[in-house]
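A.B. asks: Modelling step: build the complete structure from the supplied sequences, incorporating the hints.
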Amino acid sequence: MNTATTEATGWHKALVRHPLFLPVLTLLVLLLVNRAFNAHFFHIENKDGHLFGSLIDILNRASPLALVALGMTPVIATRGVDVSVGAIVAISAATAAVLIGGQMHIVNGVEVYVSNVPLPVAIAGALAVGLLCGLWNGALVAYVGMQPIIATLILMVAGRGIAQLLTAGQIITIYYQPYFFLGAGFLGGLPFALYIVAAVGVVLWFFTQRTALGLFVTAIGINPTASYFAGIKARAIMLCVYGFSGLMAGAAGLIISSNVKSADGNNAGLLMELDAILAVTLGGTSLAGGRFSLVGSLIGALIIQTLTYTTYSIGVPPEANLVVKAVVVFIVCVVQSEPMRKLIIRDPILQGASR
Amino acid sequence: MNKPSLSTRLTDPRTLPLLITLGLFLLMFGYGSVAYRGFFSAQVFCNLFIDNAFLLIVAIGMTFVVISGGIDLSVGGLVAVTTMISATLVQSHHWPIWVVTPLVLLLGALFGAFQGVLIQYFRLQPFIVTLGGLFLTRGLCFLINIESITISDPAYTAVSEFRLHLPYADISANVLIAAVVFIGAVWLGHYSEFGRVVYAIGGSERSALLMGLPVARTKVLVYTLSGFCAALGGVTFTFYMLSGYGLHAQGMELDAIAATVIGGTLLTGGVGYVTGTLFGVLILGVIQTLITFDGTLSSWWTRIVIGALLCVFCVLQRLLDSHASKRRTGRAAVGKTVAPAVAAGDATPAELVAHGQ
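Residue numbers (full-length UniProt numbering), protein chains in the order written: chain Z, 1 to 355; chain W, 1 to 357.
Keep in mind the hints are simulated off the structure, nothing from the lab. The beta carbon of each residue, even a glycine, is placed where N, CA and C say it ideally should be. Among the hints, a few may not be true.
[Unchecked claim] Sample of chain W residues facing chain Z (criterion: CB under 8 Å; computed from the structure):
| # | residue |
| --- | --- |
| 1 | MET28 |
| 2 | PHE122 |
| 3 | VAL129 |
C.D. replies: Structure representation (structure tokens):
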């Protein structure tokens, strides 16, 4: 095995060392495992102009997680973490449900749907609440100077209580038909949620790769002091980063509540923060900050959703899903860990750099 | 050698949060006594311990982890899986209590050690490893059984129903177990070599390493201890609920962290008292009791109040911390204070911004 690695040519090494190599490999392996169990796995069907198939299903269901993971990525790049996203999902879903409410009247045998407030207002309201939650986190981290995990822990503890308060402890059912388009609608043959993820991804990519913002975020993650002395407005950027994470959690809350047609303060977005962190980590973003990959986070979200799909399709009881996820976390973390890398890749440059 | 005066010791940023917690507890208990009939009694006070003995045990394990500068998110899942394994072995396989209990305690300690090894030797973040641990333990619960298992074993019911009669109140076996753990933890934390190394690691792992302290061994042991405490918490939880269920102790890791923080333990590590955690747990308990006595407030107010308290205490810690560092170094020596923080790589930007001003 040693000789094989030393004989490997340059592009082999470059490929193996590429940050997206492991995430993509993991996703491919998972997809192939699925293909092995289900011959129709890669089959995509066109029904009335809508595309259907396992792959589309996975993409669609991964979209809330992908949004949250995209929001979490810059946060983790600044050496932070946002554990409140699950609670924010619940709060935003509750806000949307309360604002829309929606009654169904039957007028002359035709179902007519009425919402409490116009749909755009409800959507804006839910997003604004998400943003507000994120800004609160950001203020605690940037201006009070709390550790990110603690600052966001506060909202994680209190958030579900707030969501319950909004819905008065009930699971609110949404009866307003147009709202369901967000989570279950199709546009041009593809699920609408995918367009939201794509739009967010492109905007985020533009701001982080085509402006100096991405550089600032990584600089804060690598060395807060140096970035402060270099004149980076660390506080303002951290506020933005956490605000964005909250906004994305709010958007995920909208999609989830639209998908299940209800808002449940207790269970909406449960353990979502963990999934999102896992997605970001799987995508190769270092939890120590200073390095991030948006594409990686998207792939990470897809890995998690595919994993869920796999456990269901190969007949593992749904309850085992958590165990499978945990085993994957452990394996990926250990493989990505420095001691393990040193063991696998005997590369003097890499070893020198990691010291 | 001049001994610090009492007032300086009381306003020391290391003891002040503990005193505020104690004061807050007395204030809340006092408020309840005035506002609600029957609140001021020895039994209500003892019920705080009876209802929160398992949380206290879990939070004590957490305190050591937090003082060492880590975090353990797996404890809630570990409590649940302990109740599940105990219930299954007792109900389905009729194993006696004196075999089951040591077995689950051993499993808990082993699981903690496993996490500690991953954290220490593979250089993984405690947050991620114990998160994986949480997934694993919760998942294992549901692999064992989806349903709740009720325990009807006579030995378990006997322990569960045991009451020690004190002059004005009764306490349960769980309280006695928690008391033993508490005393043991105080000794371990403040009078043993292990405790001193834990504080040293939390203060500065690099310094502890340079001093030749057994950092690696102690860090693994800290997580082992936390796993053991979580399993013991699970055993007491089994006595309390007389059942095993995968959804037991949902969110207990958060309660344990909250109790630790409210008790004055710094999440950056190095500072904290086991006694503080005791009062942290009592404060969480008294909030619940107040809401129960009120009767009109819904239970979700508990979460909001705990969140608000957590917020207040964290802000307080920050204020005390920045005040203390200013006092230590003086405002002029900005460069000197920043340089070591950069070397250690653990200063948050806001901290640095605060120093810079």
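A.B. asks: If a hint holds in the structure, say so; if it doesn't, say that too.
C.D. replies: A quick look at each hint next to the structure:
1. MET28: Since the shortest Cβ distance to chain Z is 18 Å, the answer is violated.
2. PHE122: This interface hint holds because 4 Å falls under the 8 Å limit.
3. VAL129: Holds: closest Cβ of chain Z sits about 7 Å from W/VAL129, inside 8 Å.
In summary, the one numbered hint that this structure violates is 1.
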